[in-house]
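Peer 1: Single-letter residue listing:
Protein chains: 2
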Amino acid sequence: MEQVTVELGGRSYPICIGKQLIGQADLILPYIRGRQVCIVTNTTIAPLFLEPLQASLSSLDKVDTVVLPDGEAHKNLDTLNSIFDTLLEKQHNRSTTIVALGGGVVGDMAGFAAACYQRGVGFVQVPTTLLAQVDSSVGGKTAVNHPLGKNMIGAFYQPSLVLADTDSLRSLPDRELAAGLAEVIKYGLIADAPFFDWLEQNLEALLARDEAGLTYAIARSCHNKARVVAADEREGGLRAILNLGHTFGHAIETVQGYGNWLHGEAVAVGTIMALDLSARLGWIDPSVGARTRSMFERAGLPVRSPEGMSTVRYLEVMAVDKKNLDGQLRLVLLRALGGATIESGVPRTQVEETLRACGAV
Amino acid sequence: MEQVTVELGGRSYPICIGKQLIGQADLILPYIRGRQVCIVTNTTIAPLFLEPLQASLSSLDKVDTVVLPDGEAHKNLDTLNSIFDTLLEKQHNRSTTIVALGGGVVGDMAGFAAACYQRGVGFVQVPTTLLAQVDSSVGGKTAVNHPLGKNMIGAFYQPSLVLADTDSLRSLPDRELAAGLAEVIKYGLIADAPFFDWLEQNLEALLARDEAGLTYAIARSCHNKARVVAADEREGGLRAILNLGHTFGHAIETVQGYGNWLHGEAVAVGTIMALDLSARLGWIDPSVGARTRSMFERAGLPVRSPEGMSTVRYLEVMAVDKKNLDGQLRLVLLRALGGATIESGVPRTQVEETLRACGAV
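These protein sequence lines map, in sequence, to chains A and B. The first sequence: position 327 = 1011 (my numbering), numbered continuously. The second sequence: position 145 = 829 (my numbering), numbered continuously.
Treat the hints with caution; some may be incorrect.
What the hints assert, rightly or not - With a cut-off of at most 16 angstroms between alpha-carbon atoms, the simulated EDC-like pairs for lysine to aspartate or glutamate come out as follows:
no.	chain 1	residue 1	chain 2	residue 2
1	B	Lys774	A	Glu1000
2	A	Lys703	A	Glu895
3	A	Lys746	A	Glu773
4	B	Lys746	B	Glu735
5	A	Lys703	A	Asp851
6	A	Lys774	B	Glu1000
Hints are computed from structural coordinates only; laboratory data are not their basis.
Kindly generate the complete structure, drawing on both the sequences and the hints.
Peer 2: So this is what it looks like as C-alpha cells:
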C-alpha cells in the first residue's frame, strides 16, 4: 500500500492507495468520527463494493446507505436533498460520518452533503474510478451543478481519509479509465515533466490495467495534487493550475449537457485547446501538444471539439467560469512542459483561433 | 455609533450599531470584496431600505437585487436556489459580495448562498430586525430548513461586516420587537446577570423603542455573543449555551409549521421550559423563572406551550436536535442566573414534567 499525505495542519489527511483496501475495518474505523455512518453510493457501484464496505463498518451503531442514480446528470440540488432526507429520516446527528463510495459525482455530492448537514459532519472518501482517485477525491472541492454552470454551488470541505482501492479499477469501463488518464497526464503537463515522460512510455501498461503501474500513477498524481492543495487550499491563486483544460472542458460539458461527455473526455479536448493556445502565444513548443494528442489518441480520448459547437457559445459559457475575476477570462496555460501559469487578458482573437483550430465552428 | 468586534483572527469583523447607517457609502464600501454586489432582501424590507442601500453601493460595477418572499416558510433549498439563479443569470463571479438586507431568514439564506456560491464569495450583513441585530447576523451561522428539521442544512460562514441600523427598528411590528427581546433577555440569563437586571428595569423603554436604550441593549447583546463565538466558532462546546430555550423552541416551530410562531416567540416558551427544568433539578431558584416569565409577559411574549402539543411529539422532534450527541438529548440549562451549562442525560421523566407544567399535553 502506498500512502500520500495532504498537509493541511490540523486537518491533514492520508490517501491510501493499494489493493483490497475496501473491507479492511482497521483502515477505515480510526477515521470515523462518531458511532453513526451514512454511505452514499450509486446504482452502479453498490452491487460491486457496498457489501464489503458495510461489513468493515458493522461494529458501529448505525450504518445507513443512500443509493443515488448514476451519472453527472443527477449532480444537482434535488439529488443532494435526497441525501438530507435519509440523514434526517434515520436521525443522523452532528457526530455522524458520511462515506462516499463511488466516482467523482458521488464524492462531490456526498462531500457537499457532509459540509452542509448540520453545518458539517465527518467525511471519508472511497473513490472507485481512476478520475476520482487521482483528482476529485483529493483536495476538498465539493459541489453540485446548476443548469447555468458546472460546480457552481459547493464548498471546500476536506475528508479525514481517502481510500483508493485499485481493485475497483478492474471493473471500470474502458471509457472511464481513459477519462481518468486525461487527468493523470495533466499532472505531468502542469507540474511534473519526468512523470509525463514516464506516462508516455507506460501508457499501454496502464490501459491494460497493470496494477503496479496504476498504483504508481495514482500515488504520483495524488502527490502532485496534494502539494498544490497544501500551498493553496481555497484556490486563492496557484491551485487554479489544476484546472488545465477545464475552462474549455466545462464549456463542452455545459453545452453538451452533463453526462453526455465524461468530465475527463471534455478535459482532454480542453487540454488540447490550452496547449494549442500556449503554443500559439509562443510559450511552448508545438511538440508538447502533439505528444499529448498522441497519448490521448492512444487512450481513445477525444481530441477535437464536439461537432457544431460555435466559438461564440464557448466564449459565452466560459464568461461565467469560476476562475474569472472582474469580467476577465482567466485561463490555465503552459509556459513549459511541467510549468503552468494562470493568465488573464489573452487576446480574444487568439482564443477564437485556437477554438476553430480544434474543431469549433 | 457603537462598535463591537467579533475576534476571529484574520477573519475578525466589526458590528456597527447606530442610527442612519444604511446609506453611508464610506461605512460599507471598504468591506465589499470586488466590484460586484448582489443584495438579497424580501418583499417587506425592500420598499423601506433597498433604495438607500443601493445608493451607497452605486459606485460599483454591478449591483443586482434578489427580492425573496417574506417569512420562515420560505427558508428552504428552493428559495436558496432562486438566489443562485440570479447570481448566474447576472454572471456574478467569485469576487462578488452578497449583502443581506433583512431579518434572520434573509440573513441565514443570503449567508448560506454566499458560503456555497462558487464555494464562497464575499458577505455583508445588514440586519433590520432586533432579532437579527442581536443574534442571527452575528457569529456566522447560516442555514435553510428541511421539512424534518430547522436549520439542518447550512454552513459556518462569517460576514466581513454587520451593519445594525437602529432606524430599521422604528417600522418593526411590535410582535417582532418582542421576539427580539426574548433573545436579548437570553444573554442576561446565560452570561450577564447585571444586564438581566438592567433589562428588567428598562424593558418598557425598549418596548417604547427608546433609541439610546436599544443601541445599548444591542451592543451589549452583541458583545456577549461575540465573546462566546470567539471562544468556540464552530460550536464544539461552549457556543451551544447560546441556544438556551432553542431545543424546546425548535420543536414548537417544527410542529407548528415554520412561520406560524416567530422564532423569538418559540424561544421565549422554550426558555421558560429550560428555567423550569433547571429549577426542577434544584440548580436555580424558581424566582429566576418567575422574573423572566414576568418580563416576557410585559413584552407580550407567549410563555406556555402551543395548545394541544404532546410531550411525545416534543421528545420526538427534540431527538434530532443538532446539539444531541450519539442519541443523548442535550439541553442548555442554567446553574445560576448568568451561568449556563450544557447537559446530557437529564432524566426523561423530569423533562416530561417540565413540558406538562408548561402546557404540553
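Peer 1: Now tell me, hint by hint, if it's right for this structure.
Peer 2: Status of each hint after checking the structure:
no. : hint                  : in the structure
1   : B/Lys774 to A/Glu1000 : holds (13 angstroms)
2   : A/Lys703 to A/Glu895  : holds (9 angstroms)
3   : A/Lys746 to A/Glu773  : holds (13 angstroms)
4   : B/Lys746 to B/Glu735  : holds (15 angstroms)
5   : A/Lys703 to A/Asp851  : holds (5 angstroms)
6   : A/Lys774 to B/Glu1000 : holds (12 angstroms)
Violated hints are absent here; each numbered hint is respected by the structure.
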